[in-house]
Amino acid sequence: MTDRARASSGLEIQGLHAFYGQSHVLRGVDLSVKPGQLVAILGRNGAGKSTLIKSIMGLIKKCSGQIRLGDVDLLGRPADQIARMGLAWVPEDRGIFASLTVAENLRLPPILASDAPDEAALFALFPALHERLNTPGTRLSGGEQQMLALARMLRTGARTLLLDEPTEGLAPLIVAQIGEIIAQLKRSGYTLLLVEQNLQWIAPLADHLYVLEQGRIVDECASEDFEGRLPSLIAHLGL
Amino acid sequence: MQALYSQLLIGLINGSFYALLSLGLSLIFGLLNIVNFAHGAFFMLGAFAAPLLLEHLGIGYWGSLLIVPPVLALGGMVLQRIVLRPLQELDHLYGLLATFGFALIVQGLMQIGFGSAGLPYAIPSALQGGQNLGFMLLPNYRGFVILVSLAVCASVYLLVERTRLGALLRAATENAERLSSFGINVPRLVTLSYGLGVGLAALAGLLAAPMLQVRPLMGADLMIVVFAVVVIGGMGSILGSIVTGYSLGVIEGLTRYFYPEASNTILFVLMALVLAVRPNGLFGRREA
Ligand SMILES: Nc1ncnc2c1ncn2[C@@H]1O[C@H](COP(=O)(O)OP(=O)(O)OP(=O)(O)O)[C@@H](O)[C@H]1O
Ligand SMILES: [Mg+2]
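Residue numbers (the numbering used here), protein chains in the order written: chain H, 8 to 246; chain P, 10 to 297.
None of these hints come from the bench; they were simulated from the model.
It is possible that some hints are incorrect.
Coverage of chain H stretches by chain P, computed from C-beta distances (three or more under 8 Å per stretch; other residues unrestricted) [what the hints assert, rightly or not]:
1. 61 to 67
2. 83 to 97
3. 100 to 110
4. 113 to 126
Heads up, simulated EDC-like pairs for lysine to aspartate or glutamate below, C-alpha to C-alpha not over 16 Å straight-line [to be verified]:
5. H/LYS68 <-> H/ASP37
6. H/LYS41 <-> H/ASP87
7. H/LYS193 <-> H/ASP214
8. H/LYS69 <-> P/GLU98
9. H/LYS68 <-> H/ASP87
10. H/LYS68 <-> P/GLU98
11. H/LYS68 <-> P/GLU64
12. H/LYS41 <-> H/ASP214
13. H/LYS41 <-> H/GLU227
Backbone N, C-alpha and C fix where the C-beta goes; we use that ideal spot for every residue, glycine too.
Start from the sequences and build out the full structure, keeping to the hints where you can.
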């Protein structure tokens with residue numbers, strides 16, 4: 008077992024371009040997540056938010072620029088290697104495998120650090136999963152699938168986490184629950200990069216916000232400036 | 010009645026081979042998305058290994074049973090790693106053609122080396138003779154083949170459905186790229202499953218060696234039927250391959266008793282019917 012994941016590493020992205028075939032989706036993104044920070048990326052549908060997360064995870068074939076996790080350059084490395092460096096994610100669709108049970112989904116990724124939370128700790132955080140261990144993963148409700156995806160990510164012991172729209176399509180009660188969990192993760196020193204469309208929900212949690220539009224960062228602000236910047240953020244997001 | 014039972018027995022024996030071979034094809038198809046046309050060649054090599062190991066190294070049946078499947082599985086993994094992996098980014102047609110080409114080369118070399126008639130291989134002494142079951146005589150070796158094939162099929166099923174490795178294989182079949190983003194080395198998993206599939210083909214060949222004539226085209230001939238089995242069962246389903254393998258062997262045997270004229274065509278007729286009604290086969294994945 009390696010402990011590469013123990014330290015919560017920051018992410019530094021510079022001049023990131025990403026393509027799907029001919030279509031140029033990210034057009035020079037600069038973005039920084041300091042260790043222990045929670046940073047949110049906002050943006051309309053199709054702005055390139057998921058593409059940004061996938062680029063970091065090594066899932067976009069045509070990419071250029073720089074992506075650093077701590078002092079390691081990630082760009083060009085195979086996805087599995089990137090994940091084993093202590094970077095874990097929750098995809099927009101949650102990434103639950105239909106042919107696997109809840110337990111199998113949960114235990115799918117390798118454990119990366121000796122101080123990774125054990126299952127008892129995870130079930131304390133996500134009690135709904137415990138009784139459903141043998142059900143097929145996709146038999147869970149949307150909220151439960153999100154919990155499973157979060158638990159799976161945490162179980163690896165990764166300390167730098169990427170979440171793609173964790174509240175999308177969920178009931179307000181669940182959204183609040185996820186907010187509490189994320190706040191708790193932040194307090195425990197995790198580094199988090201979230202994609203989110205729900206400004207009201209994410210603003211109180213985040214240290215820094217970026218707005219992505221047509222593959223570029225068009226606005227950003229630190230948490231202490233939220234109040235003053237709110238009108239311009241809202242304008243950018245078309246809310 | 011005697012004749013019916015003996016056709017049923019032949020059906021079960023054939024079904025054992027169909028199941029082992031289509032199981033391997035399904036495993037490989039699930040992870041590589043190619044129909045492995047090299048399968049028949051590995052079956053044939055598994056069969057040839059038996060008389061060759063005996064003649065040149067003095068290794069008998071039981072030794073071969075231990076050595077041959079793992080060694081050929083390793084050979085399959087090398088083939089996958091060197092030839093198939095570089096083709097994986099391209100259209101699946103290239104991978105399929107590569108396995109087809111490999112099969113032709115291996116068959117050709119074996120024909121040059123051993124002629125078309127092939128080599129004899131005796132049933133191991135411990136399994137000669139038979140059991141009188143009252144209603145029929147069961148040759149020991151045939152009973153052994155059926156038992157081994159059932160045990161191996163059940164083990165592979167449990168491996169895929171109940172173990173961590175199986176969970177990884179299922180996840181990779183579902184979405185390989187996604188799986189890699191969770192920290193799993195998928196290319197290694199793909200190589201491993203190719204090896205597993207090839208190992209099953211080699212085992213089937215070895216089991217067949219004392220029963221069928223060991224000759225270069227034995228695999229190619231059998232695979233024509235096995236591909237029909239796979240089309241009927243549907244690609245990629247483990248349980249589906251096993252169940253269809255045995256049932257079609259038995260159906261073929263029953264046809265040979267009740268309507269012998271149709272026994273060589275029944276599987277292809279069934280294949281056409283299934284294709285018309287369920288294009289992905291009885292157990293097939295929808296989008297395949
Ligand atoms: N696999 C793909 N192939 C080609 N184009 C793609 C692919 N995935 C996304 N795109 C395109 O790239 C652009 C950015 O997509 P992306 O999914 O990153 O947006 P997003 O900001 O996450 O949107 P949403 O809020 O709807 O999730 C869109 O125009 C989309 O159509
Ligand atoms: Mg998205």
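Establish whether the coverage given for the stretch 61 to 67 of chain H by chain P is satisfied; the threshold is a Cβ-Cβ distance below 8 Å, and no fewer than three residues must meet it.
holds (count 3)
Checking one constraint from the list: CA of H/LYS68 to CA of H/ASP37, max 16 Å. Satisfied?
Violated, at about 19 Å.
With a Cβ-Cβ cutoff of 8 Å, does the stretch 113 to 126 of chain H contain at least three residues near chain P?
That given contact holds, which follows from 5 residues of the stretch 113 to 126 of chain H lying within Cβ reach (below 8 Å) of chain P.
Mind checking the alpha carbons of H/LYS193 and H/ASP214 for me, to see if they're no more than 16 Å apart?
10 Å, holds
Are the Cα positions of H/LYS41 and H/ASP87 separated by 16 Å at most?
Status violated; Cα separation ~23 Å.
Satisfaction of hint between P/GLU64 and H/LYS68, Cα-Cα up to 16 Å
52 Å, violated
Given as covered by chain P, does the stretch 83 to 97 of chain H meet the bar of three residues or more with CB within less than 8 Å?
holds (count 8)
Has the given pair, H/LYS68 with H/ASP87, been kept, meaning a C-alpha gap of at most 16 Å?
14 Å, holds
What's the verdict on H/LYS68 and P/GLU98, does the C-alpha distance respect the 16 Å limit or exceed it?
The hint holds at about 12 Å.
Pair hint H/LYS41 and H/ASP214, alpha-carbon separation not exceeding 16 Å:
Distance ~10 Å between H/LYS41 and H/ASP214 Cα, so the pair holds.
Taking 16 Å as the top limit, are the C-alpha atoms of H/LYS69 and P/GLU98 close enough?
The given pair, whose Cα atoms are some 14 Å apart, holds under the 16 Å limit.
Hinted pair H/LYS41 and H/GLU227, Cα distance within 16 Å:
15 Å, holds
When each numbered hint is compared with the structure, violations occur for hints 5, 6, 11.
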